[in-house]
Structure formats: C-alpha cells, structure tokens
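Chains as they are written, first to last, in my numbering: chain A, 1 to 430; chain B, 1001 to 1269.
These aren't lab readings, by the way, just hints derived from the structure by calculation. Among these hints, one or two may not hold up.
Stated by the list, open to error - Just some of the chain B residues that point at chain A, by a computed CB distance under 7 Å: (1) P1029; (2) R1030; (3) I1114; (4) L1206; (5) V1207; (6) P1212; (7) I1227; (8) T1230.
For each residue, glycine too, the CB sits at the ideal point set by N, CA and C.
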Amino acid sequence: MSRNRFGRRLVATAVASVVGLGALAGCGTGDDEQSDGPAKLRFLSLAWQKESMQANKDLVAKWNADHPDIHIEYVQGDWNSVHDQLLTSFEGGDAADIVQYEASGIGNFSKQGYLADLTDLISGELKGQIEPGIWDTATYDGKITGVPFLLESQVIIANKKLLDEANIAIPAADGGWTWDEFQANAKKLTTAGRFGAAWALKSPTNRVMNLALNYDGKFFYTENGKTEIRVGDGEKEIPKRIHDMIYTAKSASPEALGMSGADTLPGFFAGKYAMLPGSVSLRQQMVEQAPAGFEWVTLPPIKGLSTTQAANPQTLSVSADSKHKKQAVQFLEYFLNPTNMATLAKGDWLVPTGKQANEELVKLTGGKQGWDVAADSAADLTVAPFQKADGYPEWKTKYATPALQQYFANKITLDQMATQLVDGGKQVLR
Amino acid sequence: MFQYLALLAYLVFLAFPLVWLLSTSFKPPRELVKLHPTLIPDNPTFNNFVQAFTEQELGRAAWNSLQVSLASAVVTVLIALPASYALARFKSKLGTVALGWVLLSQLFPFVLLIIPIFLVLRQVGLANSHAGLILIYVVWALPFALWMLQGFVRNIPRELEEAAAVDGASRLQTLRRVVFPLLAPGLVATALFSFISAWNEFFFALVLIKTPELATLPVALARFVGIEGTARLGPLAAGSLLATIPSLIFFAFMQRRLSSGSMAGAVKG
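Chain B with its partners taken away, still in its complex shape (with noise of 0.2 Å):
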C-alpha cells in the first residue's frame, strides 16, 4: 500500500508542473496575479490559445519544429546507425581514434561554433533554411547518437550473429534478420532524443533562420517574453502547452518500442 502512494505521490510530483501549465493556460491576466493562486481557473478563457495562434503564429511554427524535428531524427539515426555497428563490431585503431573523437567534440561548446558554422553554411547557400537547420542538428546529435546506438550494438550477443551464419544466412540478411529488429529499441531511443534536441532547439533556429515564416516554435516562445524577463504569461502558457504535444505523441507512439528485455534468453549457455 505505502508502495502505491509513494508512487502516486511521485507522479503527483512529476506531472504538476505540467497540470499547472495547463492550468495557466486556461487563466486570464487577473487570474495570474492573484496571491493565492487557484489550480482551477475561475474563469476559463480560451483567449491565451487566441493570442498565441494568431499573434506569433504558433501553428506554422509548429508545423516547421516538427518536419525539422523529424527529419533530424530519421537522418541523425540513418547515419549513425552504420557506423555505431561498426565502431562496436570492427575493433581498429581508426575506430577507437573516431570514439575518441566523438567524445571529444562533445566538449566544444556550440555557442562557440555558431559563427563559423552561420558562415559556412551561408557560402554554401543553406542558412536561413530549414535543410541548414537540419544539417545542424544531425551533426549536433550524431555524437551521443553514436556513443548511444554503438553500446545496443554491443548489447547483441555476436553468438546470434554467428548462429546465422552458420544457418546459412549472409552478411546482410544477418543484419537485416538479426540484428536490426534486435536493435529496434536503441534505435526507437536515439530517434527519440534527436527528435526532442531538435524540436527543444532555440539558438541555432533563432539565429539561422531569417525569414519569418521558417521558424520554428521555441523561437516563437520567445517571443512572449519581453524586458527583463516580463512575460506575457497566459499565451506562453498556451503556446508552451501545444509545444508539449507533439513530443508526448511521438514519445507515446515509440515508448512501445522501447522496452528492454527483447534479448532474453536469446542466448541460452
């Protein structure tokens, strides 16, 4: 029994901050200022989600987060699913000097990069686009990705893969039988986690893109916020709320995916 409500209390803990956004989106400006606050508005208002749309354009925005989200995602997870195999398969001195490497770009800090990388990618005519934006955070994800998907990688038995062998099965039919639906939930989680570093993004969007119609939502969001961090509390609520949606889909569509435990008993010794 202490079990449950323990557990309830931690789900309480983790999804208030989420029911209090809720709550703030619904509540008009007097509401917001009230020194006691209710969790309940008193007066509803859809007026928060009004203003967000129409003033900053969240729906265009969120339409652009998304198929630069997904993108990232798919590419950042088609590149580094080849070559985490092969960094954990194929012991080399390259492959341990590229591990080394990988690791070590992490300690760059991209705020330091930002400039050359604006100027690199205007000469070859992809800032202020989405296709730069991607480029950008595929490289950004590529290094955890790698690290990420090489360790699943390790994770499968090589006896399965030498069981295949022996049954007959090629190099590809191995990797396409064996390995890759093994691989399924590290997969499913790197997509995850490019798709949320994308989708959370804010200074590369903020200070590639150019046009207005090609920005994304966290650049939106800023907007709401004024000097001295004055905000216009109500649509940020609103707006913060819809930005939450897509990833909670995409996060519910894939969690499936992500169970562990597939393996078991794969090998038996």
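Excised from the complex, chain A in its bound form (with noise of 0.2 Å):
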C-alpha cells in the first residue's frame, strides 16, 4: 500500500519535472542579442570583499542610471576558478564583455587573440595616469590587452606595542628599513616564546620571485629568443637571508613554513610573531579581526639593492569577441577615473595604479590604516621577468615551488634548490 502511494507520487513528481524542465528550457536562455535599444554588456567582476563589492555594484548602478544607451550588467566571479571560467568562455564564444583578472593571468588569453587591443581605444588621460612600468605588466605584442587597476606591494605589518617594547622606531612611508636592519630588528624582538617574524612560505614561489627584485634577481634571462633560468647570487639572495632568519639567528616561526599570509593572523595577534612580512591587502584583516586595543602598524617594503618589486596588477580587459568596444572602453574610462579607482582601490584594501588615484585615496584616509605606507610602495612596482616567460607557471608548479619548500625546510642545501630550479627551466622552458 504504501509502496504504492510512493510510486505514485514518483512518477507525479517525475510528470511534474519533466513539464518543468521544458518550462525552464524556455524560461532560462540568457542569449540575447538585440538589436534595438540599449548596448548590453556584461562586466565579469572578482571584488570579493564586502566594500568592494558593494563599490562596484554602486559604480555599475550609477553609470547604469546616467547611461541609458550602454547597460553594464554585473556578474560576480570568483578567483579561484576565474582562468578556467574565462578559458571555456573565450573558446565558446561567449565570454563577457568586459572581465577582471590579472596581469600574469591575461598574457595567454592575448596571445590567443581572446582579448582586444585597447591601445588605441583609452585615452591620453588614462595612459597618462597610469606609470609605463605598470602598463607593461598587460601588454603583449606591443598591444595593451588590459588596463592594470589595482597593485599589491609587499610590506611588513608589524603589533606596534612589541616595537615600541623593544625601542624600535618606525620609519617613514618613504624610508623602509634595509634587509639587514629588518634581520637585526627580528633578532631584537625574538624572545622565549615570541619569534620576531612569520614569513608564511606555503606558496614560496611568487613571494621570492617578486622579492628577489630587491637584489637584481630576475631568475628568468631571455637571449637571442631563447629563455633560460639562472640562479646567480642576487637570485640566492632573498631566500639566503629568509633561510638564516628561520635557522641560523631563528628570529622567524618554522611553524609558518606552511601557512598562508592569513594562517598567520591568529598567531600574530596572540604575540607569537612580532612582525608579518606580506600584501599591503593583509591590512583589511587587520581591520576586522585584529582584538579590541591591538596596535598594528604597516612599515614600508624593505630594501636591498632597491625597493623593487614585482607588480602583478589587476586588470579590466575587454574580449575581442564583444560587440561594443567602444562602448566598454567608454565604462572603464568612467570605472577607472581617479576618484573611482581610489574608491575601488579602498574597498580592496590595494594601491590604485593611477597616481592622481593614489594622491586622492592619501587624501581620502588621511593616510592612517597604511595608506600612506601603500601609497608610497606603488613607486616600486614594475613589471618582472617571470611575468612574461611562457613556461612560468609550469616551472613554479613542477619545479620551483618544491625546490624552495624543500630548501626552507631545509632538506636541500642553497646550491641544491638552485641546481633545481635551473634544471626544471631546462625541461620547461624553450
């Protein structure tokens, strides 16, 4: 009997799908294209953070209203799955119009032909804000595939109670201290219980590389067309000196080894670390999570030869499949607009690649919460050889991330993960 009652109730419920799905069939297609009426561009956005989203659907909302004739439609991506969303898109046919992503991520969607060329599409006046270093960051064949927006700089931010304990003064947005002042100040703050840094290692690869700049690094040397891997001392440098904090002075956590910029957090506000180097982003956890009364303070990227370091900016692109270039260069040079980009940049908590942006944002927050600090590293940031070198994500995977993983757990010697990383160059890189 009630076996039954379940069976009729099976095929009533399958019945009922079934018409279902044909209603949906019809209901669900978003593939519109008109013809007549507004231009209709979708905006494939990444913001994830609460301001920042909130910021950009305000912007999307507001040119929406006074622009009747170009309708921008949100849609909300996500990071980690972005690269394939995109890939599937693009060889569809059918990605949006206009998308976020990042410098290092766009080079081979433009080789590709995924993306437009925006060169001559943006004005003097965004070119102009932006510095020509940065610009390079999302150019590929001589053509600008992408308008770098937002820039992370590594920094140190450190619980200024513990510097103060410890004499320690902080310097200015615009005078940071040299590795060797930063060795001897995590030295002076390691007590029984207490290391002086963090260095959260559990994704070495990008941090060194883009460090490394700090010393002339570049890792990656292209010659007569052909790309090669070399590890000379101002490669071994950054990880040399990482290496000894953690077991020659043992001035920084090994239990970090393993831990992303955020695992940190919990062990830092509990003053198990003095000082964690990392993103000038690290700042809006600070800000939300840090315990009532805790003083945090951000001091500026620390310097070897230079400050120098390796900008992967995030980027706006606008698909070469879309049919209204024009009209999304014409939203992104309203998106982008000083004061815009300064909002946008606030609610990510990163440093706007415009300066008048960067100036406005200063302004904006009087300089506190690391703004100025942030403000002033965006001068350090250029584009990096790794960032163009086809082969590099497939070596930092295969090759150098366990070679410096191994090197920092000290498993292999410095010349060890050297030898690695030139030999995993050899088989990737052509």
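The two chains are supplied separately, each in an independent frame; assemble them into the complex guided by the hints.
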C-alpha cells in the first residue's frame, strides 16, 4: 500500500519535473542579443571583499542610471575558478564583454587573440595616469590588452606595542629598513615564546620571485629569443636571508612555513610573532579581525639594492568578441577615473595604479591604516621577467615551489635548490 | 558497553566537521582568528547569515540548485529505470556492448568535454539555462545510475516475476506490482546519488550559467573565497551550513526507503 503510494508520488514528481524542464528551457536562456535598445554588456567582476563588491555594484548602478544607452550587467566571478571560466567562455565564444583578472593571467589569452587591443581605444588621460612600467605588465606583443588598476605590494605588518617595547623606531612611509636592519630588528624582537617574524611560505615561488628584484634577481633571462633560468648571487640572496632567519638567527618562526598569509594572523594577534611580511591587503583583515586594543602598524617594503618589486596588477580587459568594444572602453574610462579607482582600491585594501587616484586615496584616508605606506610602495612596482615567461606557471608548479619548499624546510642546500631551479627551467623553457 | 562507546566516538568523529561548521557560522570575525578557538562562540552573531544572504543572494541560488537537482534526480531515474531493467533481464550482445560503453564513458574526465558541450548547448539554445544544466547532470549521472540500478534489478529473483505470470499477471502488471515496489530502495539510492551529485556540482554550473539570477549554490558559495585561497570564513560557513540542510532533509525523507531486506523470504526454496 505504502509502496504503491510512493510509486504514484514518484511518477507525479517525474511528470512535474519533465514539464518543469520544458518550462525552464523556455525561461532560462540568456543569450539574447538585441538589435534595438541599449547596448548590453556583461562585466565579470572578481571583487569579493564586502566593501569592494559594494563599490563595484554602486559604480555600475550609477553608470546605468546615467547612461540609458549602454547597460552594464554586473556578473560576479571568483578568483579560484576565473581562469577556467574565462578559458571555456573564450573558446565557446561567449565571454563577458569586460573581464577582470590579473596581468600575469591575461598573457596567454592575449596571445591567443581573445582580448581586444585597447592601445588606440583608451584615452591619453587614462594612459597618462598610470606609469609605463605598470602598463608594461598588461602589454603583450605591443598591444595593451588590459587596463591595470589595482596593485599589491609586499610590506610588513608589525605589532606596534612590541616595537615600542624593544625601542625600535617606526620608519617613515618613504624610508623603509634595509634587509640587514629588518633581520636585526627581527632578532631583537625574538624572545622565549615569540619570534620576530613569521614568513608565510605555503606558496613561496611568487614571493621569492617578487622580492628577488630587491637584489636584481631576475631568474628568467632571455637572449636571442631563448629563455633560461639562472640562479646567481642576486637570485640566491632573498631565499638565503629568509632561511638564515629561520635556522641561523632563529628569529623567524619555522611553523609558519606551511602557512598562507592569513593563517599567521591568530599567532600574530596572540603575540607569537612580532612582524608579518605580507601583502598590503592584509590590512583589511587587521582592521576586521584584530582584537580590541591591538595596535598594528604598516612598515614600508624592505630595501636591498632597491625596493623594486614585481607588480602583478589586477586588470580589466575587453573581450575581442565583444560587439561593443567602444562602449566597453567608455565604461572603463568612467569606472577607472581617479575618484572611482581610489574607491575601488579602498574597498580591496590595494594600491591604485593611477597617480591621481593614489593621491586622492591618501587624502581620503588621511594616510591612516597604512595607506601612506601603501601609496608610497606603488612607486617600487614594475614588470618582472618571470611575468612574461611562457613556461613560468609550469616551472613554478613542477620545479620552483617544491625546490623552494625543500630549501626552506632545510632539506636541501642553497646550491641544490639553485640546481633544481635551473634544471627545471631546462625542462620547461624553450 | 565498549561497543556503544566506540560507536559514540565514531559518531562524534563523523559529526565534528558539521558541528565545527555550525560553530564557525555563528562566530564574529575576531573569534575566527583566535589562537585557541572555542567550540561555543563567545559572542554569537547572525551577521554571517545576513551577509551570506544579502551579498550573494544565497536564497535564490539555493532555490535554483533545488530545482536543478530535483529535476536531474527524477529524470535520471526515469531514464535509468527501463534501461537498467532491460540490461539486467534481457541478455544480448547489444546489452553487453552498451554496458561496456557505459563503463568506458566514465573514463573521460568531463573537464575535457566542457568546451564541446558548451558549444553544442549554445547551438541548441540551452547554454545559460537550467534546462541545459539538468541535461548535463542527467548525462553525467546516468552511467553510474544504470550500473547501480541494474544491480538492484538483478537482485530481484526472476522467480517472483514467473510466479506473477503463472498467476495471470501481464508483463506490465508484473512490473508495476512486483518489480517496481521491490526496486524502491534502488530507485531511492539512485535518486539520492543523482540529487547529491547535481547539488554539489560546481564547474558546469560555473561555465554554463552566465546570468547571475540563474546561478546555483556552489557557484554562489565560491564567491566568498578570494585571492590565493583567502576566504571570508564567517559568511562562507553560514552559507555552507545552509547548503547542507536540503541534502539532510532529502536524506531524512528518503532514508526509510533505503532499508534493505525487503525481499527477505520472498522466495522459499
């Protein structure tokens, strides 16, 4: 009896579902390309912080209100899957008109012709706002295929109370410590139960590549069209210094080796580590998660031969297949005007690429919460050789990350690490 | 006594991730980064749920997922039922080849097929639609559902069908009154499998659905994760907790039907 009832219910549900399937087929399709009415453009945004998402949505809403002839549809994406999402939608010919990504990520898409050349479409005003070195990060084969708009630099977040107790002066925004000073101060701040620093090295390659520029360490060298990996003194300097802090001076925590930046925060708030070398965006979590009364300060990038770091800005690109490229660029010009760019940077706790936006942001925030340091660090950012190397992602995954992890875990020597990196390059690079 | 303790320990082990998820979803940001986190939040808050719902419209996403998953489960079962019966009962070369093909189809990683699938769905006007997604999920679940269900059919003694025939029942009557009721646990298991696989699926939903209003729950939840795995843990936990509820309800409703042994003593030798 009960089984019969169950059977009837199952059949009824099935019929309803099949009917529903048909109905859904009718109502769910969104591939409409209108010939009349406003131009409709999809904007794939990767904003994910609360403030940043709100800023994005507000700007889009304002644009739509002011421009009845060009309608922007805000589409939320996510950083973890954006590459696959873009790849499939470009291949399938259905990518959003405007897409957010990062400079190092758009290279292959540019080379495959999926992104529009914006060189002649963007205004001189926007071009002039951003340094040539930053434009270089999104320029492939002489074509600008993305507008760089948000930058991330490596700074140091420090526990102010511990610095004060150790009589360590906080450097000015434009006058950071040298590596020797940083290492000495980390040693000074190390006590029983506390390390001077915590290097979060779960994914060490990008960080090492990035900071190696402090000592002119390029890793990737191209001659006569052939790229190879070289690991000389300049390339070895940063890994060596970090290794020394962990195993020789014992001023950096060995337990942080397997952590990501955010993983170090509980220990930092509990006073286990005095300083966290990390990204400027870490400040967002400091503001949101630091215990009441916890005083923290942002210290400028560390200086080697220079304070140069690799810039991998977030970019906005226009799909080559978009039927409304001019309108898309019109929107970008609005979206990235100095005031709006400053708002977007503030929402993501990153550094705007535009000079005027940077100034506005410092004014807007009064330079507090490390905004003065963040703004100043923008001048040190430029394109690095590894960002343009075709085999970098493969080299990073297969060879560099394992080799660096082994070295930082004290399993291999510096020279063995260098050999592994060079040999890996021979396997991957052409 | 020891058995009960062991069972209790096992239950705690199984339930702990869910309990931790529950705890995390009620914690304010500051409690999420404590060096020694507590199971019971010191200052519980609903803010994570509010954020999850207001920022990513999880309610709508959950409704979308529910529609797609239910429809996928029902359509899969509807197709798998006659096909698996035929495969289990009628021996033929075609049946053997079909089963071999079903097995072989499982060897292809779907990620390799995503672009052709996308192009085909676009051609037929089903890209960016729930119908297209349901179609993919049915195709995805069908091979396994067929294997699963034909195993259940094989377990039903042929003698029962023969006895019904001797009693004068037609083929259809035998199927309706004898086979299908006995197959209920198998149908439920197959439906559960199809439902859960569609409910949890992320990649196809991400790639095929372009309109924000049609997004499913896994896609909406992924948006709480930022660059290099940094996550907004509170809203993510709140959203994930909500995402487990329909599955739990579905299981609670269906699990009675999963009971085995319904055929015990059906055939006496």
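**OP:** Against the structure, test the hints numbered earlier, and report the numbers of the ones violated in rising order.
**Re:** none
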